[in-house]
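Asks: Single-letter residue listing:
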Amino acid sequence: MSEKTQVEDIDRSLHDTKNENKYRYKSEKGLTPEVIKDISREKDEPQWMTDFRLKSLEIYQQKEIPDWGADLSDLNLDEIIAYIRPDADLQSDWDEVPEEIKNTFDSLGIPEAEKKSLAGVGAQYDSEVVYHNLKEELVEQGVIYMDMENAIKEYEDVVKEHFMQLITPNDHKFSALHGAVWSGGSFVYVPAGVKVDIPLQSYFRFNAPGAGQFEHTLIILEEGAEAHFIEGCSAPQYSINNLHAGAVELFVGENASLRYSTIENWSRNMYNLNTKRALVEEDGVIEWVSGSFGSKVSMLYPMSILKGKGARAEFTGVTFAAEGQYLDTGAQVIHAAPHTTSTVNTRSIAKGGGKAYYRGLLKATENAHHAKATVSCESLMLDNDSVSDTLPIMKLETDDIDIGHEAKVGRISEESIYYLMSRGIDEEEAKAMIVRGFVEPIAKELPLEYAVELNNLISLELEGTIG
Amino acid sequence: MNKKLLNVCNLKSKVEAEKILQGINLEVETGEIHVIMGPNGSGKSTLANVLMGHPEHEITDGKVEFEGENINDLAVDKRAKKGIFLSFQYPQEIPGVTVENFLRTAKTAVTGENQSIFDFKFLLEDKMKLLDIDQSYADRYLNKGFSGGEKKKNEILQMAVLEPKLAILDETDSGLDVDATRTVAEGIKKLASDDNAMIIITHHNQILDYLQPDYVHVLVDGKIVKTGDMDLAREIEKEGYAAYKPEKVEDYKSAKNC
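Chain order of the listed sequences is A and B.
Going by the numbering used here, the first sequence opens with residue 1, and the numbers climb by one from there.
Going by the numbering used here, the second sequence opens with residue 1001, and the numbers climb by one from there.
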């Protein structure tokens, strides 16, 4: 094992390979209606989308930056270039993807992932999807998996009916910004009764200094459909603050079941202000698995709206904040129908002065009788400089709900380290073992390669913490 | 031939400002079983932790030698690698880490040799059979949800796997019922050999029915005040510790070696 004195010294060369930027279009800094119109024209969008973008821009300009949670005062939105598209058109054949971009993806393991029979790969390079593929048998069953730009053209009615209905530009400043400048992202449609038994994987990545990333993911599962979507993120490191304000909208039909897994591992200068929501109809199931690493600031609170009777939500999340990081993450669940159930299970870890907060919302409307909610959040601080806490909020309009809540905040136990060391295990490995054990309930929910990645991330994060 | 493993000379220690060990002399050779008895608060567990190298305990005087080397300043994990093992009175629960995974990591650390998953599985199975431990324990999280007896058995399992030269058993028999004591004691007996040594800290005689100690030491107020054999243990069982005071220390053989 190589020795590192500080976590900042982690060899990020794999993720930090920068390509020479060759962009055929680059927006002016700052946002004006003209810039928005240019973006829309460049994408050859229908008029309703242009209008939507312009309306979102108006809202964006009126909204204030949130004054709660993480400090966003260093975020210079005017500096962030909204839209950069790589010098490549959409490709359906890997051989035709430009060599330079392919090399970047190769180092991120994308083609390997496909070889392992993942159903489809939608890899976002800067703002537009450059490579997309979907297994033929899924196409035959009517499954659609494509980039959002093309979905608007090919499935305009479906997209128009759902696009930014769960997350609206009025929700907050960054959802308004997203509505104005969104670019790229995935569209998934699974017809009634179709079960997609292999995970659909998407890999997002940045490659331009100052470029924001505003991808939009829209997933629609009809009645009785099943799918697993994996979102992976990694970004090279730049000196200018970067912003990620994507949106994920998930529509889960009656009796349908969707699992949405993410490991976000942004470079340490990233503001990750992503918004994710799921609407779940009768007896439908949404399962979130979420790992938040990296970034300078994260504010991420995926919401499950349990609209139909008997709908169910499960949220499993892990957050690891090291030096200089402020990760404010959690889950929101809204019980809006009888007999709905939700389970939230999170682990936060903070080290080296990092800040990891769990901020959650549990809401039950008047008619959510016989609902059942369980929240369990645990925090672990690896030293005295770090901060970790849980901030759960409950808003209940009915008494007829069964709630179990457990929150634990603790420091890594010296006695536990001593115990493991008394068996010959050195201090660093003892700590890593305790942390890995702490997140084990989360790791076992992850797809295998992500679980391995999670363990590797923990080991890397803990290297050189002794002494 | 017996070999000197441990030599403790005039050992004094404190934790925070409190002085606990007040000059311990103790010598242990391979093939020996030593028993340390004493009233609550006399420093028995402290002695165990000082020998293991607990970072909160500070040695203020004297020395601990293991196989002729002064280990006063040696870190806990390095002591374990030299062959010292402590069976904890209150073993820690480590959620999310399975017994098997933990022990394979520990065995790798102690031996310095990579343990193949399959070979180690067989080794663990053997040791579990030897100690009459259900195989399902291998997949359970370390001590998590274990009963008192299960934790103690698990400590002895760790000892069986790691094969230390010197095992210190801190109150391994406390909180156990008669059957559990017998199982644990028989397990310890199976592991005792001419190549290793044991220091058994106890305030019951029950476990001594199964193990034949070579020495019984009485520890009072941080000092070994008397050393004898099984008869001493029986006497204490009848009479208690009232007769033993630190000012009436009877010289123990290793004191001369200091």
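FYI, nobody ran anything at the bench for these hints, they're computed from the structure.
Keep in mind that a hint or two might mislead.
Unchecked claim - Simulated crosslink set (DSS-like; lysine-lysine; CA at most 25 Å straight-line):
#1 B/Lys1082 with B/Lys1165
#2 B/Lys1226 with B/Lys1081
#3 A/Lys408 with B/Lys1144
#4 B/Lys1144 with A/Lys444
#5 A/Lys444 with B/Lys1121
#6 B/Lys1063 with B/Lys1226
#7 A/Lys173 with A/Lys363
#8 B/Lys1165 with B/Lys1003
#9 B/Lys1081 with B/Lys1004
To be verified - Not close to chain A: a few residues of chain B, all C-beta gaps over 10 Å, as computed:
#10 Asp1073
#11 Asp1077
#12 Gln1115
#13 Lys1129
#14 Tyr1210
#15 Asp1214
Idealized CB from N, CA, C, for every residue including glycine.
Asks: Now tell me if each hint is right for this structure.
Replies: Against the structure, the hints come out as follows:
no. : hint                     : result
1   : B/Lys1082 with B/Lys1165 : holds, 8 Å
2   : B/Lys1226 with B/Lys1081 : violated, 32 Å
3   : A/Lys408 with B/Lys1144  : holds, 17 Å
4   : B/Lys1144 with A/Lys444  : holds, 18 Å
5   : A/Lys444 with B/Lys1121  : holds, 21 Å
6   : B/Lys1063 with B/Lys1226 : holds, 20 Å
7   : A/Lys173 with A/Lys363   : holds, 23 Å
8   : B/Lys1165 with B/Lys1003 : holds, 11 Å
9   : B/Lys1081 with B/Lys1004 : holds, 18 Å
10  : Asp1073                  : holds, 15 Å
11  : Asp1077                  : violated, 4 Å
12  : Gln1115                  : holds, 12 Å
13  : Lys1129                  : holds, 21 Å
14  : Tyr1210                  : holds, 25 Å
15  : Asp1214                  : holds, 25 Å
In this structure, the hints that do not hold are numbers 2, 11, in rising order.
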